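Chemist: We have chain A already, so just place chain B on it with the hints.
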Amino acid sequence: MILAYPQKCVACRLCEGACSFRHEGAFQPAESRIWVHDFVDEAVYVPVACFHCRDAPCLRYCPTYAISRDPLTGWVTINEDTCIGCGMCLVACPFGAMGFHAEKNIARNCDLCGGEPQCVRICTYGALEYAEVEPIDWMARLDQAERPAGAPG
Amino acid sequence: MPYGWVGRVLRVNLTEGSVKREPLNMGWARQYIGGRGLGTRYLYEEIDPRCDPLGLENKVIFTTGPLTGTFAPTGGRYMVLCKGPLTGAIACSNAGGYWGPEMKFAGHDLVILEGRASRPAYIWACNEQVEVRDAAHVWGKTTAETEDVLRAETDPQARISGIGPAGENLCRVACIINDKSRAAGRSGVGAALGAKNVKAIVVRGTGAIQVADPRRFSELVFQSLSGPGGPSTGVRALQGLGTASTISFTNSVGILPTHNFQKGQFEQANAISGPAITQTALRRNKGCYSCPIGCARVTEIRGPARWSGRGEGPEYETLFGLGSDCGVGDLNAVLYGNYLCNLYGLDTISAGGTVAAAMELTERGYIPLEDLADVGVELKFGSAEAMIRCLDMMAFRQGRFGDLLAEGGYRLAKHYGHPELFMGTKGQECAAYDPRGAKGMGLGYATSNRGACHLRGFSLDVEWLAPREARLDPFVAEGKAQALKHLQDRTACTDSSGICSFIRLMIAPEQLVPLYNAATGANLSLEEWLMAGERIWNLERLFNNRAGLSRKDDTLPPRMTSEPLSGGAVHGQVVELEPMLEEYYRIRGWDEDGNPKAETLARLGLA
Chain A
0 MILAYPQKCV ACRLCEGACS FRHEGAFQPA ESRIWVHDFV DEAVYVPVAC
50 FHCRDAPCLR YCPTYAISRD PLTGWVTINE DTCIGCGMCL VACPFGAMGF
100 HAEKNIARNC DLCGGEPQCV RICTYGALEY AEVEPIDWMA RLDQAERPAG
150 APG
Chain B
0 MPYGWVGRVL RVNLTEGSVK REPLNMGWAR QYIGGRGLGT RYLYEEIDPR
50 CDPLGLENKV IFTTGPLTGT FAPTGGRYMV LCKGPLTGAI ACSNAGGYWG
100 PEMKFAGHDL VILEGRASRP AYIWACNEQV EVRDAAHVWG KTTAETEDVL
150 RAETDPQARI SGIGPAGENL CRVACIINDK SRAAGRSGVG AALGAKNVKA
200 IVVRGTGAIQ VADPRRFSEL VFQSLSGPGG PSTGVRALQG LGTASTISFT
250 NSVGILPTHN FQKGQFEQAN AISGPAITQT ALRRNKGCYS CPIGCARVTE
300 IRGPARWSGR GEGPEYETLF GLGSDCGVGD LNAVLYGNYL CNLYGLDTIS
350 AGGTVAAAME LTERGYIPLE DLADVGVELK FGSAEAMIRC LDMMAFRQGR
400 FGDLLAEGGY RLAKHYGHPE LFMGTKGQEC AAYDPRGAKG MGLGYATSNR
450 GACHLRGFSL DVEWLAPREA RLDPFVAEGK AQALKHLQDR TACTDSSGIC
500 SFIRLMIAPE QLVPLYNAAT GANLSLEEWL MAGERIWNLE RLFNNRAGLS
550 RKDDTLPPRM TSEPLSGGAV HGQVVELEPM LEEYYRIRGW DEDGNPKAET
600 LARLGLA
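Protein sequences, first through last, are from chains A and B.
For the first sequence, numbering that gives the first Met the number 0 begins at 0 and goes up steadily by one.
For the second sequence, numbering that gives the first Met the number 0 begins at 0 and goes up steadily by one.
Bound conformation, chain A alone (with noise of 0.2 Å):
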């Protein structure tokens, strides 16, 4: 999964570019999997792509069971095939991290480039970071949902 560090970000979304790159060929920020929310005023910037939670919610509510956990990397994997697009998991998602597809009117997520992440790879500034880990409970990963210090509550 993709561990982000705010208090590195500078808002470059650099790994927008990246990201957008590898998975439709083209810059295009708006179909990037991953995105800096960006609280101007406040001077925070907080990278957010999918967390690959055990137990995830998107996951659970899905209808079509188009997302399943991948059993060898345990990765939370979208099948293109079955998913239909009803936007289900978008609201599950405790992190607003699931991504959507207009074109092909899918749901999409970060599938991590197969294991060489490519938004870590361009990140100069050490604000996001490949961790091979246990996919482990949203609840677990409060402290990244927490509001960081000064964001607009």
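Because the hints were derived from the structure by calculation, they are not lab data.
On a predicted model such as this, the values are computed, not experimentally measured, just so you know.
Think of the CB as a built atom: it goes at the ideal place given N, C-alpha and C, for glycine as much as any other residue.
Just to be clear, a hint being listed does not mean it is correct.
Quick list of in silico lysine to aspartate or glutamate cross-link-like pairs, EDC-like style, CA-CA up to 20 Å [claimed, not checked]: (1) B:Lys140 / A:Asp40; (2) A:Lys7 / B:Glu299; (3) B:Lys179 / A:Asp37; (4) B:Lys179 / A:Asp40; (5) B:Lys413 / B:Asp552; (6) B:Lys179 / A:Glu41.
Pair by pair, the computed Cβ-Cβ distance ranges are [said to hold, decoys possible]: (7) A:Tyr4 / B:Ala465: 32 to 38 Å; (8) B:Arg132 / A:Arg68: 44 to 50 Å; (9) B:Glu152 / A:Gln6: 53 to 59 Å; (10) A:Asp80 / B:Pro466: 55 to 61 Å; (11) B:Gly375 / A:Glu41: 31 to 37 Å.
Modeler: Just chain B now, kept in the frame of chain A:
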């Protein structure tokens, strides 16, 4: 879609309220790289260089480069071109932030504004939707307020570039501000936008930019990020302290302009230095779009202070403009002045230079006391109150004296009969390097096509900052013309590509050209690349010559050519401009009056 481009130009006729999309002239895009070069080509084609910069005939062009919006290091720049209200010469001001890439994602490489709106207007461009909208409700508001209001009524992710009260009031030192704190600063481009009755251009887009050779492009970008030995000294300095890191260096060698360039060292330099900012005001480091350097500083005024506020900056140039040049060593005052300039939309270099000129004029008794009544405090070097007060008067043209300040330092000094106390060239204030201690910089100020400017050919790189074996003696005039020409041509290419001037601290031109080639599918050699830069430089010069500028305008203030500096390593120096200028014209292939010769134009494909 052409590689590196959207391939589309948005043309807005404000008089008619009509919008039109047309294909990007790809022939020009190839010949002039993009951004600055391409914008100059459009402007040269479409307006009479003799026109009134604040009149109907002038056009304001927002441009991007082929690397803008890609993940090329620092690939987030856009440029604003017009005939400069401050200078009467070609104006091209360059800004980072997020606006430029967003404009491209919204589907336009260039926006050309023509005519004049009958009422205050803003332009809303979101993918296929383009509207000229009423801006009466934000007219008079600061840049930050305007951004909040316009974002709320368009899209939460919209990006805004526009003017504050200074631009509305046609203040000749007004800039254009995007993302609240990034400035397309120089030559009064804010006034040109104000003269069009345009408050802002608001963009939001979901489009894509493709590159010709994705694999190679990616390889080159990642290579540039992980060079052997890690980041260069320059990059480390910028990451550590931002551009403010420069203060301690320029002050110690004696080229930090102080008291309107009367001195090269400032007693209170430490109080406005990079470490001082970090210790007392820094909230966060920030980076512009696609920038791996991240030199921006998000700051606030803390503790019990006369002033309060939050924002970005100050940059090195601001620390000089509002600080040393005005003799102000109170960091909180400089921070506050910086925030005001961002909110009002004032260029901190020219605003500071104008105030400094006003201070010297006053101290020498050249300004009648009754003219100064509106200032309310004594206008003297070192007075933070006076500096702040002047910024207010300037932006809002308060009273007769405010009206004069708004015209910039040149017109102010001339009005009081002492143009020699204006520290600039072509009506534009000099930047924060005293050329007496870096003579190539002096030639650079004199020959810069947009008026005095440090960025057109940053000769400090070769005169002070290069490793010793590659350095040129900063006090020797000979040989500077050749070095400067190379820097000017090279920078024209960098600007035009849509990347930041600081790219030079990360990658050499030898690495940059392949990056440009991989993005656009071009196959330029380094020589051809530099020749494109030379072509851009000469086209800018042609524009200026047609506007009536010539050798008589390639000058420096007499102070720099005849009053020796004292103190520091540069003690006793003046700039020997004439011999450098002659050498420069010869190397450029220009005649004695500074007009490009026919064979030069033919060689560059400009005939």
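Chemist: All hints, please: hold or fail.
Modeler: Taking the hints in turn, this is what the structure says about them:
no.: 1; hint: B:Lys140 / A:Asp40; verdict: holds (17 Å)
no.: 2; hint: A:Lys7 / B:Glu299; verdict: holds (19 Å)
no.: 3; hint: B:Lys179 / A:Asp37; verdict: holds (13 Å)
no.: 4; hint: B:Lys179 / A:Asp40; verdict: holds (9 Å)
no.: 5; hint: B:Lys413 / B:Asp552; verdict: holds (15 Å)
no.: 6; hint: B:Lys179 / A:Glu41; verdict: holds (13 Å)
no.: 7; hint: A:Tyr4 / B:Ala465: 32 to 38 Å; verdict: holds (36 Å)
no.: 8; hint: B:Arg132 / A:Arg68: 44 to 50 Å; verdict: holds (48 Å)
no.: 9; hint: B:Glu152 / A:Gln6: 53 to 59 Å; verdict: violated (33 Å)
no.: 10; hint: A:Asp80 / B:Pro466: 55 to 61 Å; verdict: holds (59 Å)
no.: 11; hint: B:Gly375 / A:Glu41: 31 to 37 Å; verdict: holds (35 Å)
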